[in-house]
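Protein chains: 2
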Amino acid sequence: MTTSSTPRPAALIVRQASPPNLESPFSSLDGRITPGESVYVRSHFPAPELNAESWRLRLGGQVDTPLELSLSDLRAMPAHTVAATMECAGNGRVYLSPRMPGVQWDLGAVGTAEWMGVLLRDVLGQAGVQAGALEVVLEGADCGTLTDPGRTPGNIHYARSLPLAKAQDDVLLAYAMNGQPLTRDHGFPLRAVVPGWFGMAAVKWLTTLHVTDTPYQGFFQTVDYSFWQSRDGLSPQMVPLTTMLVKAQIARPAPHDCVPAASVFEVVGTAWTGQGDVTRVEVSSDSGQTWAEAELVDPPQTGVWRRWRFEWQTPQQPGTVTLMARATDSAGRTQESGHDVGRGGYMINFPLPITVHLRGQEA
Amino acid sequence: MTTSSTPRPAALIVRQASPPNLESPFSSLDGRITPGESVYVRSHFPAPELNAESWRLRLGGQVDTPLELSLSDLRAMPAHTVAATMECAGNGRVYLSPRMPGVQWDLGAVGTAEWMGVLLRDVLGQAGVQAGALEVVLEGADCGTLTDPGRTPGNIHYARSLPLAKAQDDVLLAYAMNGQPLTRDHGFPLRAVVPGWFGMAAVKWLTTLHVTDTPYQGFFQTVDYSFWQSRDGLSPQMVPLTTMLVKAQIARPAPHDCVPAASVFEVVGTAWTGQGDVTRVEVSSDSGQTWAEAELVDPPQTGVWRRWRFEWQTPQQPGTVTLMARATDSAGRTQESGHDVGRGGYMINFPLPITVHLRGQEA
Numbered sequence: 001m002t003t004s005s006t007p008r009p010a011a012l013i014v015r016q017a018s019p020p021n022l023e024s025p026f027s028s029l030d031g032r033i034t035p036g037e038s039v040y041v042r043s044h045f046p047a048p049e050l051n052a053e054s055w056r057l058r059l060g061g062q063v064d065t066p067l068e069l070s071l072s073d074l075r076a077m078p079a080h081t082v083a084a085t086m087e088c089a090g091n092g093r094v095y096l097s098p099r100m101p102g103v104q105w106d107l108g109a110v111g112t113a114e115w116m117g118v119l120l121r122d123v124l125g126q127a128g129v130q131a132g133a134l135e136v137v138l139e140g141a142d143c144g145t146l147t148d149p150g151r152t153p154g155n156i157h158y159a160r161s162l163p164l165a166k167a168q169d170d171v172l173l174a175y176a177m178n179g180q181p182l183t184r185d186h187g188f189p190l191r192a193v194v195p196g197w198f199g200m201a202a203v204k205w206l207t208t209l210h211v212t213d214t215p216y217q218g219f220f221q222t223v224d225y226s227f228w229q230s231r232d233g234l235s236p237q238m239v240p241l242t243t244m245l246v247k248a249q250i251a252r253p254a255p256h257d258c259v260p261a262a263s264v265f266e267v268v269g270t271a272w273t274g275q276g277d278v279t280r281v282e283v284s285s286d287s288g289q290t291w292a293e294a295e296l297v298d299p300p301q302t303g304v305w306r307r308w309r310f311e312w313q314t315p316q317q318p319g320t321v322t323l324m325a326r327a328t329d330s331a332g333r334t335q336e337s338g339h340d341v342g343r344g345g346y347m348i349n350f351p352l353p354i355t356v357h358l359r360g361q362e363a
Numbered sequence: 001m002t003t004s005s006t007p008r009p010a011a012l013i014v015r016q017a018s019p020p021n022l023e024s025p026f027s028s029l030d031g032r033i034t035p036g037e038s039v040y041v042r043s044h045f046p047a048p049e050l051n052a053e054s055w056r057l058r059l060g061g062q063v064d065t066p067l068e069l070s071l072s073d074l075r076a077m078p079a080h081t082v083a084a085t086m087e088c089a090g091n092g093r094v095y096l097s098p099r100m101p102g103v104q105w106d107l108g109a110v111g112t113a114e115w116m117g118v119l120l121r122d123v124l125g126q127a128g129v130q131a132g133a134l135e136v137v138l139e140g141a142d143c144g145t146l147t148d149p150g151r152t153p154g155n156i157h158y159a160r161s162l163p164l165a166k167a168q169d170d171v172l173l174a175y176a177m178n179g180q181p182l183t184r185d186h187g188f189p190l191r192a193v194v195p196g197w198f199g200m201a202a203v204k205w206l207t208t209l210h211v212t213d214t215p216y217q218g219f220f221q222t223v224d225y226s227f228w229q230s231r232d233g234l235s236p237q238m239v240p241l242t243t244m245l246v247k248a249q250i251a252r253p254a255p256h257d258c259v260p261a262a263s264v265f266e267v268v269g270t271a272w273t274g275q276g277d278v279t280r281v282e283v284s285s286d287s288g289q290t291w292a293e294a295e296l297v298d299p300p301q302t303g304v305w306r307r308w309r310f311e312w313q314t315p316q317q318p319g320t321v322t323l324m325a326r327a328t329d330s331a332g333r334t335q336e337s338g339h340d341v342g343r344g345g346y347m348i349n350f351p352l353p354i355t356v357h358l359r360g361q362e363a
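Sequence lines, in order, name chains A and B. Sequential numbering of the first sequence, starting at 1, is according to full-length UniProt numbering. Sequential numbering of the second sequence, starting at 1, is according to full-length UniProt numbering.
Simulated from the structure, these hints should not be mistaken for laboratory data. Hints may be right or wrong, so weigh each one.
Derived coverage of chain B by chain A (criterion: at least 3 residues anywhere in the stretch with Cβ under 8 Å from a Cβ of chain A; other residues may be distant) [what the hints assert, rightly or not]:
1. 135–143
2. 199–213
3. 236–248
4. 290–304
For every residue, glycine included, the Cβ atom is placed at its ideal position computed from N, Cα and C.
Okay, chain A solo, but in the shape it has when bound (with noise of 0.2 Å):
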C-alpha cells in the first residue's frame, strides 16, 4: 500500500509581521508553479504604497538618453514571460546552529512563478548603454534607517547591482504574476526578476535603473547579503551574493509529520539550482548515511525547479528517522554535507534534516 499526504492549506506563515516577511508553505507543494497567494514575501522596509499613474521608473547614468517611463509606456513594449524559481538567499536559515541572525525562514523562502513584463535588455536599448559601463544599480522605492550602531546613514533605499552581462541578458522587470498584476508586497508596479538569482537581487518597487562604472557599494551589496571567500590566496573577502546553489528540499513528509511504518510512502519535493538544471535527486532515510535515487517529475527548464518523487518503504517499527533529499547539477555540483561558516546566515544547501516520527500500522 503506498500513502501520500494531500497537499495543505496554502496559507502563509508569518515570520515577521512588520514588515511583512512571509514564509510560502512548502509543504502544501502541488503544480510546478506556486500559486500567487502562496508565493514568499521577503520585505527589508515598510512596503511603499505607489500610485500607478504618477509613478515613473528612471533610468540615469551611463546611457546617451537618460528614460523617465511610466507603467503604460513599459506595457506598450514587447511584453515576456519568464517562469523562475526564486529563493531568498536565507531560506532553510531556521536549521543552523549556532542560530544566526535575520529572518527565521524554514523551507519557504522559494517558489516559482510565471512573471510577465519587459526585458532590462529592452530599456539598455533604449537608453544606449554607453562604453565603459560596467553595472546596472536597481533602486526600490522601499526605504528606512538602519539600527546597526554608529553605521546610520539616515534613510536609505534598499538598492541592488548586476553585472552589465547579466542585466542585458535574461532580467525581467515584471509587472505581472502568474497572469495578475503585481500585488503590493510583491513590488507593485514594478520589480525585478532575476534567473537563477538568490532573491535580494529581485528589488521591488522598482523606482531608478543607473549604469555607472564604478563597483556599486550600497549597503544591501556589501554588508549585507554578502559572504566571505577566499581568493587569490588573501584573507576572506566579503562578495556580494549572487546564483542560487543546488538543492533539494522535501515538501512532503514536512518536518515532524507522523507517516504509517512498514508501508510505502510517497516523498515529494522540488530541486532547483542556479545555473543549468538539475539533473539527479537521491534521498537518505538514515541521516544521511545511505542514498537512493529520486525519480524526477518535471523535464528540465533553466531557471525552474524540477519536482521529484522518492517511494519510500518506511521502517517496521515505529520511531523517528531523518529524511534528507540532496540534489546534482549539469555543471557535476552537488550538496555538501555541512554549512561553511563563511556563508553567515546565507546560502544554506547543506541536505536539511527532516524529522519523521512513524507510527504503527492502523486496524
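Once you have looked at the hints, place chain B on chain A.
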C-alpha cells in the same frame, strides 16, 4: 604678561591594553616631528612577532614576475625618507555624541614621523605591473577572528587596498621610523606609509602585496573603515575611507587645563590636510561664534602638519570657556561645524570644543 604651558611628559595613553591601542599625548607637542616613543599605536589584532631573518615580502597577482623579498633585499634598494602626518580615521571619536563604537580616541591618534624605506612603485616596477591592473592589496601578518554575530569567517588578516595610481605615486614601504628600526608595535619589520591618507591604509607587519584587476572587498575595506557617501542621486553607499580631511587641533591648553584669567596665553597646536597644504588656522574662544587668525609657525610641506600659535587674551574674570581651532587648506576646504552622521565614528573634523578653566590672577 604672556604665559604658556610647557610640553608634558610624553607617555602614551592606553585606550585599549590588548591589542595595544595607545594614544599620543597630544598636549606634549614640541617639535614638528613626534618623538618615536610618542607616536600613537593602532592595532586590530595581537601584534605579530616576526623574525627578521625568515620574514619575506611576497608580491604576486597581475605582475610579470612574482617577487619574494627579504629585509636585506629591501635594504639594498634605493632608500627614501618621507616625513608624513598620519591620523587614525577615528581620532577625536570621544567628542562624538551619541557615542560611536570603537576605540575612544581623544586628540592623540595623530602624529608626524620621518619614515625610511623603499617606494612601493620601485617594488612594483621590479615585478612589472600588467595592463588592466586596478589595485594593490596590502596584507599584514596580524590576524584574528571577528566577533560580529553571523559574520565570522574564521581567521582573517588585516588588509587594505590602494588604487594603482596611488601605489605608483608616493607610497613608502618603511622599515624605519625617526631613524630607528620599526618597533614591533609599529609593524616590524615592514609597514606601509600612505601620505595624505588616514592611518588604516598604512598596513603594518606587511607580508603580501597582491596586484589585482578586481576591487578588493575585505572587511576592513568595505565594512570597517568605510563611510556613507551619496553619489549619482542614489541612496548612500559605503565607500572606503581614503584621504585625511583638513583639521586643526589645540595642543595647549589641554582639555580642562586651568589658565590665568586676564592675561595673554599662548595657544599652540597643529593643522594638517590630506591634499595640498594648510593655509590658514583660526581660533575661537567663544564656542565658535567669532574667529581670530592664528600664526602658522612651520613653512608648508606637503603631507606634514604645520604648527601654529595664537596669543589669546584671556577673559578678565575666572570661569570656563570653550576654545576651538579650525583650518583651511590650499584647496579652499575648511572645517564644517558639525559631524555628518554618514561618517559614523570616522572622519571627525568639526572644530573640537576644548574646555578651559580660568583662574584668578595669582598674587
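Exercise. Going back to the hint list, which numbers does this structure go against?
Worked result: 4
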